Amino acid sequence: MAEDDPQNDSDEALLDEAHDDIPERFTGDHPISIRGLKNCFGEQTIHEDLDLDVNRGEILGVVGGSGTGKSVLMRSIIGLQIPDDGTIEVFGNDITAAEPDEVIGVRNRWGVLFQGGALFSTLTVGENVQVPLKQYYPELSQKLLNEISRYKVVMTGLPEEAAAKFPNELSGGMRKRAGLARALALDPELLFLDEPTAGLDPIGAAKFDELLRELTDTLGLTVFLITHDLDTLYAICDRVAVLADKHVVAVGTIPELLETEHPWIQEYFNGPRSRAAAATNERQSDAAAEGSGKALDKPQGAQA
Amino acid sequence: MREWAEYSLEESGGRATVTITGPLTVSGIGRLDPELRKITDSVQFVDISGVTRVDTVGAWVVHRFAEDKGADITGADETAEVLLETVERSTSDAPVVPPRSKIFGRVTEHVGAKVYEFGNGVRHNIGFLGAIIASMGALLLHPRRFRTKALVRQMEQVGVSSLPIVGLMSFLIGIVIAQQGAVQLQQFGAETLTVNLVGRITLRELGVLMTAIMVAGRSGSAFAAQLGTMKLTEEIDAMRTIGVSPMEALVIPRILAAVIMMPLLGFYACVCAVIGGAVIGDVLLDIPFLTFLARIQEVVPATDFWVGVVKAPVFGLIIALAGCYQGMQVEGNAEEVGLRTTAAVVQAIFMVIVLDAFFAVFFSSIGWI
Chain X
1 MAEDDPQNDS
11 DEALLDEAHD
21 DIPERFTGDH
31 PISIRGLKNC
41 FGEQTIHEDL
51 DLDVNRGEIL
61 GVVGGSGTGK
71 SVLMRSIIGL
81 QIPDDGTIEV
91 FGNDITAAEP
101 DEVIGVRNRW
111 GVLFQGGALF
121 STLTVGENVQ
131 VPLKQYYPEL
141 SQKLLNEISR
151 YKVVMTGLPE
161 EAAAKFPNEL
171 SGGMRKRAGL
181 ARALALDPEL
191 LFLDEPTAGL
201 DPIGAAKFDE
211 LLRELTDTLG
221 LTVFLITHDL
231 DTLYAICDRV
241 AVLADKHVVA
251 VGTIPELLET
261 EHPWIQEYFN
271 GPRSRAAAAT
281 NERQSDAAAE
291 GSGKALDKPQ
301 GAQA
Chain H
305 MREWAEYSLE
315 ESGGRATVTI
325 TGPLTVSGIG
335 RLDPELRKIT
345 DSVQFVDISG
355 VTRVDTVGAW
365 VVHRFAEDKG
375 ADITGADETA
385 EVLLETVERS
395 TSDAPVVPPR
405 SKIFGRVTEH
415 VGAKVYEFGN
425 GVRHNIGFLG
435 AIIASMGALL
445 LHPRRFRTKA
455 LVRQMEQVGV
465 SSLPIVGLMS
475 FLIGIVIAQQ
485 GAVQLQQFGA
495 ETLTVNLVGR
505 ITLRELGVLM
515 TAIMVAGRSG
525 SAFAAQLGTM
535 KLTEEIDAMR
545 TIGVSPMEAL
555 VIPRILAAVI
565 MMPLLGFYAC
575 VCAVIGGAVI
585 GDVLLDIPFL
595 TFLARIQEVV
605 PATDFWVGVV
615 KAPVFGLIIA
625 LAGCYQGMQV
635 EGNAEEVGLR
645 TTAAVVQAIF
655 MVIVLDAFFA
665 VFFSSIGWI
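If you read the protein sequences in the order shown, they are chains X and H.
Numbering (this note's numbering) for the first sequence: 1 to 304.
Numbering (this note's numbering) for the second sequence: 305 to 673.
Hints are supplied without guarantee of correctness; some may be wrong.
As the list claims (entries may be wrong) - Below, computed lysine-lysine pairings styled on BS3-like, alpha-carbon distance capped at 25 angstroms:
1) X:K143 x H:K373
2) H:K406 x H:K418
3) H:K418 x X:K165
4) H:K406 x X:K165
5) X:K165 x X:K143
6) X:K143 x H:K342
7) H:K342 x H:K373
8) X:K70 x X:K246
9) X:K70 x X:K38
10) X:K207 x X:K165
11) X:K143 x H:K406
12) X:K134 x X:K165
13) X:K38 x X:K246
14) H:K342 x X:K134
In case anyone wonders, no lab produced these hints; they're calculated from the structure.
These numbers come from a predicted model, not from an experiment.
Hey, can you work out the whole structure from these sequences and the hints?
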């Protein structure tokens with residue numbers, strides 16, 4: 001293949017460039033820990049006294065009405081938005097103390113999927129996946145990079161030809177999957193997803209959920225998932241955090257949330273859409289339990 | 305210190321086993337991968353029971369190696385098993401970059417495409433001008449559809465906001481012409497002719513020409529970038545679906561603003577240049593400031609003023625046309641906006657200079673010397 005130039009001669013040189021400071025895998029309980037977060041835009045206060053702990057190895061769904069600052073919360077955690085007050089610890093490092101471009105030792109351990117995919121428009125999908133790999137692991141040969149980007153593309157459910165396509169040649173849903181492939185490029189410990197299933201067809205969204213659950217279970221991922229998709233919440237989230245009144249009003253499994261008195265939570269989970277999603281999920285879980293062979297290891301509603 | 309995955313090759317009873325130890329992850333695979341590729345012997349087993357950690361990249365490298373050699377993977381724990389299965393399902397041979405043709409083919413294709421594009425560009429530009437005239441006609445029939453607010457806003461952007469920079473530039477040009485002219489004319493004792501030089505050259509040529517170049521750089525590029533970005537974000541498509549014609553809402557106000565503001569800016573530039581010249585006359589040539597201005601009135605014929613002012617709206621039209629045309633041609637990605645903006649400025653300045661030459665010959669022939 002034309003692009004698979006053998007690079008045997010330069011391998012040694014590449015190895016010398018390799019970074020030495022690869023941090024150990026995080027073993028604490030809370031990869032993300034937020035205390036007293038405050039975010040303002042001018043006069044408008046988005047967050048005030050926001051506390052949140054994300055457990056290691058869980059999929060945490062973040063819900064909230066439009067404009068409650070879900071995306072702003074995510075941007076604060078990944079260091080793109082400097083908060084006005086409070087501390088945010090990611091893998092035990094204080095994000096708020098560092099400049100946005102400075103946080104090293106954390107960036108190669110997380111993957112971020114932005115709402116619109118945010119793919120680099122002048123690179124093909126395959127090259128997009130290679131960008132983080134090249135940045136952090138320059139010792140990898142081009143041959144291996146090509147192989148990695150190929151299987152990542154297929155793994156996220158894209159057809160294999162998509163690897164050589166440019167982002168503007170893809171549909172919205174495909175762009176999202178390509179964004180996920182790039183977010184997963186480094187096999188991160190922590191994954192941030194901003195509405196990953198919005199705009200996907202139901203079959204594609206269900207596959208996306210399944211893939212996410214599988215990766216979380218096998219790779220021990222921790223996932224911070226902003227979503228409006230009730231099916232996703234019921235199907236794969238271990239816990240759900242509810243943003244309202246400028247802070248996290250409740251965190252817990254869906255049955256736990258149902259017991260709280262907060263009017264927004266009651267309306268959200270007892271609305272007709274939510275009940276339909278719950279019923280679907282129950283049916284699927286029953287079918288999976290009855291079905292012979294491999295029962296899908298999905299948490300029913302959620303696990304404690 | 306960073307850990308690397310390593311391997312050892314053992315043979316017993318004619319069966320070769322590759323044993324891999326260490327972290328089988330993206331951070332630890334860098335040395336193992338090229339070494340595994342160098343193994344030429346046949347291998348029957350790959351033992352990964354000694355790996356400390358595994359992720360999909362590690363699983364992929366082991367899977368590919370085992371596949372190539374037709375070997376069996378042994379000692380995989382539960383996690384590794386799942387990951388191996390995942391990457392196996394995701395195998396693909398598709399290229400990562402689109403295939404490129406040979407250099408000869410590429411060059412000829414490129415040249416051909418350029419020639420074709422040039423021809424097309426000329427045709428489309430004329431077509432675009434036609435479309436503008438057609439929508440102008442439609443607007444004349446339905447004057448209530450005309451966007452006065454947008455026009456005023458564009459006139460402010462093109463004209464009023466560029467007053468400081470155009471003024472400063474022209475003032476400095478006036479100074480340079482007067483100073484250089486004075487030095488040369490002094491050799492013939494004709495330094496008083498500096499007034500003629502400054503007055504005639506700025507009013508006839510430089511005032512309007514330099515303004516056109518400045519407006520092309522300032523507003524022509526802005527038109528292309530604005531319209532191009534709106535095209536990318538589907539704003540223009542949204543307008544069309546609502547029934548708003550982008551021609552009427554976006555292009556016509558910009559074109560008219562440039563056509564109206566260019567003569568005004570051009571005349572303003574001439575005034576600033578004359579003032580610059582007068583300042584130098586006062587300082588270097590002992591011609592009092594007011595005398596310099598009075599002499600300008602005597603030595604510059606009114607036709608010079610008309611030569612400059614007649615050209616200005618044409619230049620404005622060309623600049624706005626190039627900017628809007630290139631902006632509306634944007635398709636695809638963010639890079640395209642940059643390319644089109646550059647093209648708009650280059651095209652505008654080039655056309656302005658070419659037309660200026662035609663005008664110079666034309667006005668001389670009709671006796672406006």
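Each hint, compared with the structure:
{"no.": "1", "hint": "X:K143 x H:K373", "result": "18 angstroms, holds"}
{"no.": "2", "hint": "H:K406 x H:K418", "result": "18 angstroms, holds"}
{"no.": "3", "hint": "H:K418 x X:K165", "result": "24 angstroms, holds"}
{"no.": "4", "hint": "H:K406 x X:K165", "result": "20 angstroms, holds"}
{"no.": "5", "hint": "X:K165 x X:K143", "result": "19 angstroms, holds"}
{"no.": "6", "hint": "X:K143 x H:K342", "result": "13 angstroms, holds"}
{"no.": "7", "hint": "H:K342 x H:K373", "result": "12 angstroms, holds"}
{"no.": "8", "hint": "X:K70 x X:K246", "result": "10 angstroms, holds"}
{"no.": "9", "hint": "X:K70 x X:K38", "result": "13 angstroms, holds"}
{"no.": "10", "hint": "X:K207 x X:K165", "result": "22 angstroms, holds"}
{"no.": "11", "hint": "X:K143 x H:K406", "result": "21 angstroms, holds"}
{"no.": "12", "hint": "X:K134 x X:K165", "result": "19 angstroms, holds"}
{"no.": "13", "hint": "X:K38 x X:K246", "result": "9 angstroms, holds"}
{"no.": "14", "hint": "H:K342 x X:K134", "result": "22 angstroms, holds"}
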